[in-house]
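> One-letter residues, chain by chain:
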Amino acid sequence: MLTHDEEMQIIAKVLDGDTDAFEALVNDQKKVVFNLALRMLGNEEDAYDISQDAFLKAYTNLSGFRGDCKFSSWLYKLTTNLCLDFIRKRNRHKVIPLAYEDEDGDTEYPEIPDESFSPELLTERKLLRESVRKGLCQLPLQQREILVLREVGGLRYDEISRQLNIEEGTVKSRIFRARKKLCQILLQDGNIRDRLPSEKSERGGPKA
Amino acid sequence: MKCYEIRERISWMLDGELSAEETALVTEHVASCPECMRVFEAFHMVSVSMEGLDEVPEGFTADVMDRIHAAAAAPKKKNPRILRFVASVACFAILLLAGTGLVLPHLGAGLSSDDSAEQRNVQQSIKDSDADTDDANDVIYDVSGLTDAQPTPMPSPEDDSSQAGEYEEYSDLTGSEEDGICLNTASCTPTPLVPDPTWGNALPTDVSGDTGDLTELLNVVEAVDPELYVDEPDYIVMIMVEETETEFHLWLEEDQVICKNPETNEAWIAEWTPEQVVDCLGPIPNASDAVLSDSDTTPQ
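Just so you know, the protein sequences line up as chains C and H, in that order. To convert, note that position 104 of the first sequence is 104 in my numbering; the numbers rise steadily by one, no gaps. Basically my numbering = 1-based index in the second sequence + 1000.
The set of hints was computed from the structure by calculation and includes no laboratory data. Glycine included, every Cβ here is placed at the ideal spot set by N, Cα and C. Warning: the hint list may mix true and false statements.
Unchecked claim - One-sided excerpt, in silico: chain C residues whose CB lies under 8 Å from chain H:
1. T19
2. K31
3. L56
4. Y59
5. T60
6. N91
7. R150
8. E151
9. T170
10. K172
11. I175
12. C183
Bound-form chain C, shown alone (with noise of 0.2 Å):
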């Protein structure tokens, strides 16, 4: 992975005219890129159109880019923008399913599943990999989002704070909700029930 200094050069190459340069930038960073918006969008043709759409969109922002913080982190998030904006007019034309709330007394919306999943079972790895991907399509917009920058692109707190502009605090207790979240939608995952270790109440349990 290039240092930030790299990039700052390349970039600087780039906002002279040389668009070639970005190419290294493209190459640097598409596994991420294309990894986060697989795990946004739930299958691999909207994830190759949108990742591209997302390097686009860095080199034409370029100049909007001010380089206090990583360019990966500016990167991933316009990534997760792109796929936001997608997501939500893919679902414009769905019915909004019933909201429901969660044992936290927060409104959860069920995201409409993707079904473009079709896993070929061979290995218990792959089908908790498989799993888990379906499962993150199920997770609340922002919920997915923070997971994803998270796991995916590697990014730590302060940074996802800054990126999302929310006190770090808030990603700490995002974060840990999804992961529950996601966990507890697993479960209901007939295959992985037997697999996966189960939460019980997590508030006062026998050993407070």
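Use these hints to put chain H onto chain C, whose structure you have.
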């Protein structure tokens, strides 16, 4: 520490964001608490599952660079979103521009039917970025110099147009945020940024000649999932709702307007059409991918 406190910290620990002392505490607890151990294993498993990255399909970089070269070669479009406020502009209501944090001057009373004509003048001046009568007094907000395919070079120090997003760059304006920002023009006096009771009754003229009420934005046609609208809105407007200045976010879609109250986290399809919004509030301030041609900025 209670179990629920431990479990939060398991999440932080997996992200490497827990202090050494707390990590030791958590580890010790988990070792002897089967419930928390299960949580740890579950969270850990999820993390590990997300670790593997898929390979990017072949040809990705080539495709991207093709598109970028095509974009770089495309002819430059004149940026339709340069908002120029000339000295002759009198009172004009509202607007926090989304993304820029820029507060357009609240130059006094809200719109009356006279002022809607003024507003059209402003709209017109948005289009006539060549009409350069008052250069010294013009404050040019290049709120989105980013629609060009070619990346624009960083602004030079003497360039007073600001990059989108930095509120503090408007230091050349008189007044502070508390005073209310005002254009540095002779014909305008700084006014405090206080809610104007007539805001809620702003009367723009839409294309059909009917007057619309900005508060119609609050009429709910149909509720929508607020989770779908968490990114940057196209507009942020302040509307007086029962004597309280309330912030609303707007997203313009192909044939509907989505309004969201960020405080209550409710979102809905609003009664206005996108055209009505653009008529009233001007083109989307910071759209890098919305395409509003010049003709859209001039209401009839």
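> If a hint holds in the structure, say so; if it doesn't, say that too.
We went through each hint and held it up to the structure:
1. Look at T19 (chain C): its Cβ gets to within about 5 Å of chain H, closer than 8 Å, so that hint holds up.
2. Annotation: interface hint on K31 (chain C) holds; nearest CB of chain H at approximately 6 Å, less than 8 Å.
3. Below 8 Å, beta-carbon pairs count as interface contacts, and L56 (chain C) has one with chain H at about 5 Å; its hint therefore holds.
4. Interface restraint check: Y59 (chain C) against chain H, minimum CB-CB distance 5 Å, threshold 8 Å, status holds.
5. Here the hint on T60 (chain C) is kept, as its CB sits about 6 Å from the closest CB of chain H, short of 8 Å.
6. Restraint check, N91 (chain C) versus chain H: the minimum CB separation of about 6 Å is within 8 Å; hint holds.
7. The restraint placing R150 (chain C) at the interface with chain H holds, with a minimum CB-CB distance near 6 Å, inside the 8 Å limit.
8. A least Cβ separation of about 4 Å between E151 (chain C) and chain H falls short of the 8 Å threshold, and the interface hint therefore holds.
9. Using the Cβ-Cβ criterion of 8 Å, the hint placing T170 (chain C) at the interface with chain H is not satisfied: the shortest such distance is roughly 13 Å.
10. Restraint check, K172 (chain C) versus chain H: the minimum CB separation of about 6 Å is within 8 Å; hint holds.
11. Taken as an interface hint, I175 (chain C) checks out: its beta carbon lies about 6 Å from the nearest beta carbon of chain H, inside 8 Å.
12. Against a cut-off of 8 Å between C-beta atoms, the interface hint on C183 (chain C) holds, since the closest Cβ of chain H lies about 5 Å away.
Going down the numbered hints, you'll see the structure goes against just number 9.
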